[in-house]
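**Q** Each chain, written out:
2 protein chains.
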Amino acid sequence: MEAIPPIAVLKTRFARLTHLQDAAGVLHWDLSTVMPAGGAEARAAQLATLKAMAHELLTAPEVGDLLDAAEASPDADPWEAANLRAMRRQWRHATALPSDLVAAHAHACAACEMTWRRARAENDVAAVRAPLARVLTLTREIGQARAGVLGCDPYDALLDEFEPDARAAAIAPLFDRLAETLPGILDDALAAQGPAPTPPAGPFPADRQEALARRLMETLGFDFHHGRLDQSLHPFCGGVPDDVRITTRYDEADATGAIMAVLHETGHALYERGLPAAWRDQPVGRALGMSIHESQSLLIEMQACRSRAFLGWAAPLMAELLAGDPRAPGWDADTLHRLYTRVAPGLIRVDADEVTYPVHVILRFRLERAMIAGDLAVDDLPGAWREGMKDLLGLEVPTDRDGCLQDIHWYDGAFGYFPTYTLGAMTAAQLFQAAVAARPSIPEDLARGHFGPLLDWLRETVHEKGCLVTAPDLLTAATGRPLDPDVFLGHLRARYVERMGERAR
Amino acid sequence: MEAIPPIAVLKTRFARLTHLQDAAGVLHWDLSTVMPAGGAEARAAQLATLKAMAHELLTAPEVGDLLDAAEASPDADPWEAANLRAMRRQWRHATALPSDLVAAHAHACAACEMTWRRARAENDVAAVRAPLARVLTLTREIGQARAGVLGCDPYDALLDEFEPDARAAAIAPLFDRLAETLPGILDDALAAQGPAPTPPAGPFPADRQEALARRLMETLGFDFHHGRLDQSLHPFCGGVPDDVRITTRYDEADATGAIMAVLHETGHALYERGLPAAWRDQPVGRALGMSIHESQSLLIEMQACRSRAFLGWAAPLMAELLAGDPRAPGWDADTLHRLYTRVAPGLIRVDADEVTYPVHVILRFRLERAMIAGDLAVDDLPGAWREGMKDLLGLEVPTDRDGCLQDIHWYDGAFGYFPTYTLGAMTAAQLFQAAVAARPSIPEDLARGHFGPLLDWLRETVHEKGCLVTAPDLLTAATGRPLDPDVFLGHLRARYVERMGERAR
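Same order as they appear, the protein sequences are chains A and B.
Residues 1 to 505 in my numbering are what the first sequence spells out, letter by letter.
Residues 506 to 1010 in my numbering are what the second sequence spells out, letter by letter.
These are computed hints drawn from the structure, not numbers from a lab.
Fair warning: there could be bad hints in the mix.
With a Cα cut of at most 30 Å, we get these calculated DSS-like pairs of lysine-lysine [said to hold, decoys possible]:
id, chain 1, residue 1, chain 2, residue 2
1, A, Lys11, A, Lys51
2, A, Lys51, B, Lys556
3, B, Lys516, B, Lys556
4, A, Lys51, B, Lys516
5, A, Lys11, B, Lys556
Every value quoted in this text rests on a predicted model; they were computed, and no experiment measured them.
Construct the entire structure; sequences and hints are all you get.
**A** Structure below.
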């Protein structure tokens, strides 16, 4: 090894790491889509071994020395420098934790998640108290161990896993601004939206929905030579950048959900596919973080595809492929737009509309931050949830099933993930505004089903950057300023209060 | 590690190895069935890393010491002892070769296979001469290196990879017996079989063929909770024992091929699925070798499913599911049986019938043995092929495409694989005879579509044994004697000359 520069040794090692993670990604796709149930145990063993071997590749004693040596003779090339930073970041996260803590946490999460599945079904919050308390205790220990290495608060250290360098102290004021403004927008939106439209009558056979989904994916720029569309219980985007696989599920009574879910996942897929090809198997070539990832799905879904402009183009296609006639009743663009921009405050995050979704996230952000800080005990969570829901959305929470039991995240140990949904929504609004400013034809392009100009801009500005710069730097370079909640709020007002793009009714 | 016994350390390591190989197995299935073409490069990188890491797990310096230590205090349990022997065997194969030879061979095979694809299409044997000569040179080096470790001839050392402990000197007399006897059986079979039956008229939509295939698989005992049926260019059996996946391809003009291919692969699948569950991730829990594997597919296909007894039961089901009427014309059991037992000597191995298939294998066995021994140069291969085909089957070979260019094996470096096809066919005949002797109801059971008694016998006698004993010992324990070509020849005579089971015409 004497003649090989440390960075070359590291790149070989990180390429292997990427291949192991990519292999695991394909195996995850398989288990969610096509694996027979009886294969679960064997698959778990395969994935556990891939994970363990990836961890060992990353934490082997020589890796720290190689990183030190590589950092001692920095490369002037910004991609090489960013790649080395991304390597160091992964190494820091992997070596921050003693392996017995990782194992105890994994074990506690598995047990808690299993209990939670039953507890949610039976609305039995008492049953999850002890297992969630155990998960929380170990998660706090993880946060503290990581915080020492990263030099930040324990909650920030958890957040950092999903969103590099994000800090709660910076997120809180943005979320406060949303929390104080959204109730007013919601009231105005409810007043402005008029009576509920009647959705087109089904049934819509799954194969027709799928044919439409494929057509729309192609319209957006999805390349089936490098990807797939399949079915799974929960829609997701998986696979690897050159073989990116999205899934959806079809409700034959109502096609609108599956179609929009596909467009959302296509946004994720276009991002993965657009990552810098020259750095495919290196850390700098992979996705930047969850907020940028979510911004790409929400930009496609919320900014582009729920616009009146795009729906004007899509409505006759949907009518033709779903109902067999481009002018089928109920499939006019106005009805479709009203359906896709309907606001209705409710208790369930995953069913929430674009205006109220951030409120759900803010509630969870505040509660999980307090739990990690030690300011909120698991025993007090159901009450704090009810109080928060009342304060933020004015809703009573009649059952814990529709309250603190609704999401899997905490019960599976994922603290620090929730904020990325709304960081992504704000980022999407700001990026879309910048895209239109840079290429003013974009709204007209979308009205003709032409996604090329928008996709080109996203590729140049976001996708092809990989992890070259941080998310805040990427956003500032793309939009001229840091993350600004007022862009997102302005978008919500225009769409839901001013009902822009709609014909007078 | 001081308190852990060496065998426990080895079992942990070999379990990991199994998981890596199983992960690669699922990824291979994926690339053959559902992977978009654009994912090929990324997949190759994933598989190469899994292979390299598996090789490193197996060849790490401590493994030899651990094996020595474990062997120094042998375990009285026969499974433990057999597991240790299987570990030592894998280690010996993996460490026998210098890594630069492995790399040079892999490179030469990839280049030669690529040239071969074009050369076969263009019938250009001159084009493959140099690349095949290079593959042969390196394969001979590999054979010599392995032979030194295993204490056998170079050709045997190659054979050993596919069929543990098999030796050409033991195979040759068995094959000679076939070669001298088959021409007479063939002549008699051609005289006995009468005019060619007219196959049922299609088209047969792929979805109907698939529905029939699934029904037949279930009849045979295939458990879809632990497996799948899909489509691929070439039928195969892949996946892992608890998630065993077979594939086929459908020709809408003729359903008979796809159905029989599915039954063949189901035989492989039942073997994998029946391997000893308690040893899933250890070497002793895996398939014994290619001749036993092929015996399980050929027993199901040739011995059981091409029998008049089984086809009597299957014919109305095939007629119903393919033609919509259990009494559809052309679907009577006699016609079907005559179709499925038609003999017709030809130039192409993969199209050969049960009587002439061994002749194709024997030709290849003799030629490849001579090539490895240095007695046949690549330049002389086309002529030797033509001569052999004339001698063995009395056929002229008008083009190399239908001669020495037809099979991928040698061009991809697989010398020593061919004999296992015919070892498998002979083993299948002998095992089936023993099964019927042990459970005389089996022919009647098959005539009712009941595979339970046959499958139970196979599980107890073959599948559940894993690698507990060698293939010869397994066969002797199951049938009371070593491999005897006359059992296979007797089967051929009964079926093709005496036309047993057929009604008088």
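**Q** Confirm or reject each hint.
**A** Verification of the supplied hints:
no. : hint                : result
1   : A:Lys11 - A:Lys51   : holds, 19 Å
2   : A:Lys51 - B:Lys556  : holds, 16 Å
3   : B:Lys516 - B:Lys556 : holds, 19 Å
4   : A:Lys51 - B:Lys516  : holds, 19 Å
5   : A:Lys11 - B:Lys556  : holds, 19 Å
Comparing the model with each earlier hint shows no violations; every hint is respected.
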